[in-house]
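Novice: With these hints in hand, go ahead and build the complete structure from the sequences.
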Amino acid sequence: MDTLVEMKGVVKKFPGVTALKDISFDIKAGEVHVLLGENGAGKSTLMKILSGVYQPTEGTIVIGDKEFSKLTPKDSAENGISVIYQELSVINELSIQENLFVGKLPMKKIGPVKVVDYAEMNKRAKELMAKVGLKRDPKTLVEEISISEKQQVEIAKALASDSKVIVMDEPTASLTNEEVNHLFAVIRNLKKEGKGIVFISHKLGEIIEIGDRVSVLKDGAYVGTKLVSEVTQDDLVTMMVGRQVKKNYQHENAPESFENEPVIFEVQNLSRRDGKVNDVSFKLHKGEILGFSGLVGSGRSEMMNAIFGAEPRSNGKIFIDGKEVRIKSPYQAIKNGLAMVTENRRETGFFHNFDIKKNISILPFIKTSKGGGTVGLVSKKFEKECAEKEKQDMNIKCYSVEQNITELSGGNQQKVILGKWVAADSQIIIFDEPTKGIDIGSKSEIYALMRRLSDEGKGVLVVSSELPELLAVCDTIAVFREGEIVETFSHKDATEEKIIKASTADIVRKEGA
Amino acid sequence: MAKSKANQANPADGGLTLKKQKEKLTFNVIWQRYGTFGILVLLLGILAVAKPENFFSTATLTQILAQSSVNILIAMGEFFAILIAGIDLSVGSVVALVGMVTAKLMVAGVPPLLAVLLGILLGAFLGFLNGMLVNVTGLHPFIITLGTQAIMRGVTLIVSNSSAVYGFPASFTNFISKNVFGIFPIVAIIAIVVAVILSFLTRKTKVGRNIYALGGNKDSAWYSGINVNLHTLIVFIISGICSGIAGIVLLGRVGSAEPAAATGFETYAIAASIIGGTSFFGGKGKIFGVVMGGFIIGVINFGMNLLALPSTLQQVVMGALIIGSVALDRFVARKR
Ligand SMILES: Nc1ncnc2c1ncn2[C@@H]1O[C@H](COP(=O)(O)OP(=O)(O)OP(=O)(O)O)[C@@H](O)[C@H]1O
Ligand SMILES: [Mg+2]
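Protein chains in written order, with the numbering used here: chain A, 1 to 513; chain B, 1 to 336.
Worth flagging that the hints you see were computed from the coordinates, not collected in a lab. Just so we're clear, the structure is a prediction, and the values are computed from it rather than from any experiment. Be careful, since some hints might not be right.
[Said to hold, decoys possible] Computed footprint of chain B on chain A, listed as stretches where at least three residues anywhere in the stretch have a Cβ under 8 Å from a Cβ of chain B: (1) 323–331; (2) 334–344; (3) 357–364; (4) 367–379.
[To be verified] The calculated lysine-lysine pairs, modelled on DSS-like cross-linking and capped at a C-alpha distance of 27 Å, are: (5) B:Lys-286 - A:Lys-381; (6) A:Lys-370 - B:Lys-284; (7) A:Lys-28 - A:Lys-131.
Even for Gly, the Cβ is constructed at its ideal location relative to N, Cα and C.
Specialist: Structure, rendered in structure tokens:
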């Protein structure tokens, strides 16, 4: 196999942190090279050096027969490198086709003037979209499509510029199983065409399925490269974390059914004004962790947003410890002891203009304030203590809590968001896709944290698209379909097959008919 | 979790060199910290060299301070509007309307102190209107305040019958024009007091923190329990109060209320905020920077008068300086 790219002896220093120490990495034609490592190990940084976003402190990059000591984004693109970042970079205000050809719009001449050739653009967009399996009108605005579709746009964009190497930084973090399978089909086609793929993911099952070679980074240093065919998931965990992690977090002696335990949180007949959730009721008992499964758009997050007061309800009552509470805004929810780790950290989670400490302390401050959150002073001492505690508890990798949150790796940003909600010492905590982008070692710590919170008598609700996650932590799993709870499994009965069947039954029936 | 971590043979940040290094004093860092101040010193230096005979007198200092104060007051309100990624184009009109109404009240025999309080209250009310309109319509503050700018100017013309109002108590004008210790204008003290209060608000209070949060990410702010509408309202009320105070200060200094007063002052206010390091995208900036920015604009104005540039040319120079300083700032920021 040809080597398309070779990075040699790459060192990257940021003020205060050496993110990469003497890393060598190569990409061959027709392979999927997996990059694996804990949060903050340096995976994204290495790829940003390849794409020219960062300049290496030391080292060389060989692309084909050209050698560079550093790349600009332009060099990188011209030499056939495309990177699909952890945080997608499509432009919401443009159509799909315009996104595909940003910066290189097909032009035609009308007399002396050059204008955009929309007919040509539309035609080529359709071809590219067919390749990645995106079934949309190319003229659709990107803001109207789902995250997975945006990702397909990004891949199509890489194809549009005829890249030889396509880097995907945690492409599957927000995808459902179905969508992941789809992405893998696309990746296999790209392999056949001789493209080199770099694939970053914290999901080991996927790595075994799609990867050819895997390289592991740890704390910015190179650990080793293996053929995927020769390793097991457990080997990968050991290479990456240096130990094995627990597989289950339910108590051995947990009751068969929680019916007899006191109810600490209850939702009755909840419907959303926009109809995305219809007449949902459930109870959460003391010591029980309740999970919600279902396809994306089945109404799980939509229900949580409505419970939390962020989106309007048309009907429904909420009870905490048997007392009805009035929640019409997140402020009231927080005051009543609710917390919600939202699904999308960039859009509804963090403040890019704040450092870690301000991002964490905002919630305790709101919770203890008066007058709609306005009255009160900020205590620098409290703020610092609170942030230091979460840094410890969540194991956030940073050199100071005064560091800006945007300087953290993706997974560490997520840990800050988790810390923010936990810091408010809430009674009922909703975790919506809590471990998105979080490495396997830290995941296990977050599961342990959830169990600890539950043991302390707090309510823990988990929404996740990762079935293994729900199976590992939840005592009860409710399955959503089209805005309703269709089936509920206790931990002992739940299997991946049953849950998938419950969440798709209707759809299968419809397609069959 | 902390405990289980500590027991491990391999703590997660063991290998990472996570020590806090002294930040290197590169040009960027120096610019970030002292850039605005540097511009100010540079400008004063140019003036001192060009007109040493006028420059080195206490009267000069007094005059620069007094002239800058109105601008600084307005700019501090504008700062809040920009902080939430909005803008307030109506500040000049608020200055004029508040000045006019306060003048009318005093001429009608209302005691100056009461008239001043009512004037400031009117400023707050006008800000409240801006904020309500933004919240209710959901339109960008640019559109709303572009409209209210015209409306408020129109109301000023109606109230005043399009003519200037003067002849109010000397006790008022004398007070405003007073200099403490003979050199320190009372208006500068007013501006400093407002600056200290607002600086406290931004740094130490929850409402201040919430406003920064809102400016950084509106959706995150909502999910974190921040009442977006309430804080938007507060921001515009602050802007209205600042412009109201500026209107009264201007009234006292000029000695008459002109219907066309403070026309175009929003340009200076926006420029002062941006030169002072406030981000147009929201969420970043400091009151101290805005004060510096306002002072720089004041020095430029003063300098151009001192050098006897024709007022037509002054406009051109001012505009160019605004673009130049902000462009320089962006250029440095990008190189980081
Ligand atoms: N712009 C920056 N300034 C300072 N430090 C940075 C910056 N970008 C990254 N870092 C640091 O470099 C290290 C590596 O970060 P990187 O984003 O490459 O991690 P990662 O392996 O992609 O992790 P994750 O799995 O969480 O996405 C981290 O310690 C991070 O805090
Ligand atoms: Mg990353």
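Novice: Determine for every hint whether it applies to the structure shown.
Specialist: Hint check results:
Under the rule that three or more residues need a Cβ within less than 8 Å of chain B, the assignment of the stretch 323–331 of chain A holds, with 3 such residues. Requiring three or more residues with a Cβ within less than 8 Å of a Cβ of chain B, the coverage given for the stretch 334–344 of chain A holds, as 4 such residues are present. Counting residues of the stretch 357–364 of chain A whose CB falls under 8 Å from any CB of chain B gives 3; the rule of at least 3 is met. Counting residues of the stretch 367–379 of chain A whose CB lies closer than 8 Å to any CB of chain B gives 9, which reaches the minimum of 3, so the coverage claim holds.
Between the alpha carbons of B:Lys-286 and A:Lys-381 the distance comes to roughly 21 Å, so the proposed pair stays at or under 27 Å and holds. At most 27 Å may separate the alpha-carbon atoms for a hinted pair to count; A:Lys-370 and B:Lys-284 meet this at roughly 25 Å. A distance of roughly 22 Å separates the Cα atoms of A:Lys-28 and A:Lys-131; the hinted pair therefore holds under the 27 Å criterion.
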